[in-house]
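K.L.:
So for the sequence shown, full-length UniProt numbering puts the first residue at 1; every next one is plus one.
Treat the hints with care, since some could be wrong.
[Said to hold, decoys possible] Ranges between beta-carbon positions, derived for each pair:
{"no.": "1", "residue 1": "Q171", "residue 2": "T69", "range": "31 to 37 Å"}
{"no.": "2", "residue 1": "R43", "residue 2": "P145", "range": "30 to 36 Å"}
{"no.": "3", "residue 1": "Q55", "residue 2": "N178", "range": "22 to 28 Å"}
{"no.": "4", "residue 1": "T69", "residue 2": "D150", "range": "24 to 30 Å"}
{"no.": "5", "residue 1": "G200", "residue 2": "A47", "range": "47 to 53 Å"}
{"no.": "6", "residue 1": "P40", "residue 2": "A172", "range": "45 to 51 Å"}
I should point out that these hints are in silico values taken from the structure, not numbers from a laboratory. Backbone N, C-alpha and C fix where the C-beta goes; we use that ideal spot for every residue, glycine too.
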Amino acid sequence: MKILALETATDAGSVALWCDGALTVRHCTPGPQSSGTLLPLVRATLAEAGWSLAQMDGLGFGCGPGSFTGLRVACGVAQGLAVGADLPVLPVETLAAMAWATGLERVTVYLDARMGEVYSAPYLRQPQGVARQGEITVLGPDACPLPPADATWAAAGNGIGAYAALAARLQAPAARINLVSPDLVPEAGAVAQLAAQAYGRGEGLDAAQALPLYVRDKVAMTVAERLAAGGKA
Numbered sequence: 001m002k003i004l005a006l007e008t009a010t011d012a013g014s015v016a017l018w019c020d021g022a023l024t025v026r027h028c029t030p031g032p033q034s035s036g037t038l039l040p041l042v043r044a045t046l047a048e049a050g051w052s053l054a055q056m057d058g059l060g061f062g063c064g065p066g067s068f069t070g071l072r073v074a075c076g077v078a079q080g081l082a083v084g085a086d087l088p089v090l091p092v093e094t095l096a097a098m099a100w101a102t103g104l105e106r107v108t109v110y111l112d113a114r115m116g117e118v119y120s121a122p123y124l125r126q127p128q129g130v131a132r133q134g135e136i137t138v139l140g141p142d143a144c145p146l147p148p149a150d151a152t153w154a155a156a157g158n159g160i161g162a163y164a165a166l167a168a169r170l171q172a173p174a175a176r177i178n179l180v181s182p183d184l185v186p187e188a189g190a191v192a193q194l195a196a197q198a199y200g201r202g203e204g205l206d207a208a209q210a211l212p213l214y215v216r217d218k219v220a221m222t223v224a225e226r227l228a229a230g231g232k233a
């Protein structure tokens, strides 16, 4: 099985190839991602492996949540490539990819959503992927749901490193939470692995059915909100 995966939910964009358990990951130039940076990396990664797009079995992409622009880039590129090569598309939640990357059995992941908010959701690791245990939330660091006060649960993700208030809540003695990878962001390697599992279950979609998962409707702060937060107009 060969899977090409794309992940641009954050500025740390990446591309991965999965071939029967062998994984290759390449990273985009740091900064906001666009099709102009992602497509050349896709072509270079395929060429390095000696494969063509037509040899892929499916095309995975991080569907969200994350940067609005980044999600549109990954989805649009995945759709365009899939249509041209007649491949099924395999959307993977970015938070699920983060949970899978930790290798932990029980973990709540926190992804910096910018604008003073954090995306979060709890996951349980299973033989085939991870299962989300509830809704994805987007809330301020003082209101994010915490994992159960149980030493078997962990917390991970760059939302922890970005917001001291969230880190303090997770580190409170009563929380009993194991903090791991406070700088973790979604990466194409984990997307590729989860996409391969989804492909094996027959969950591939037609390219037209692939959609970003935004969670939050608001794209940016107003001028008044930026000023109130100490920023510039």
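K.L.:
Measuring from beta carbon to beta carbon, are R43 and P145 in 30 to 36 Å?
P.N.:
Given a distance of about 41 Å, which is not inside 30 to 36 Å, the answer is violated.
K.L.:
When you take the CB atoms of T69 and D150, is the distance between them in 24 to 30 Å?
P.N.:
violated (37 Å)
K.L.:
Are Q55 and N178 spaced within 22 to 28 Å by their CB atoms?
P.N.:
violated (41 Å)
K.L.:
Okay, G200 versus A47 on CB: inside 47 to 53 Å?
P.N.:
Violated: the Cβ-Cβ distance is about 27 Å, outside 47 to 53 Å.
K.L.:
Does the Cβ-Cβ separation between P40 and A172 fall within 45 to 51 Å?
P.N.:
With a Cβ separation near 46 Å, P40 and A172 satisfy 45 to 51 Å, so the hint holds.
K.L.:
Are Q171 and T69 spaced within 31 to 37 Å by their CB atoms?
P.N.:
The hint (31 to 37 Å, Cβ to Cβ) holds, given that Q171 and T69 are roughly 33 Å apart.
In this structure, the hints that do not hold are numbers 2, 3, 4, 5, in rising order.
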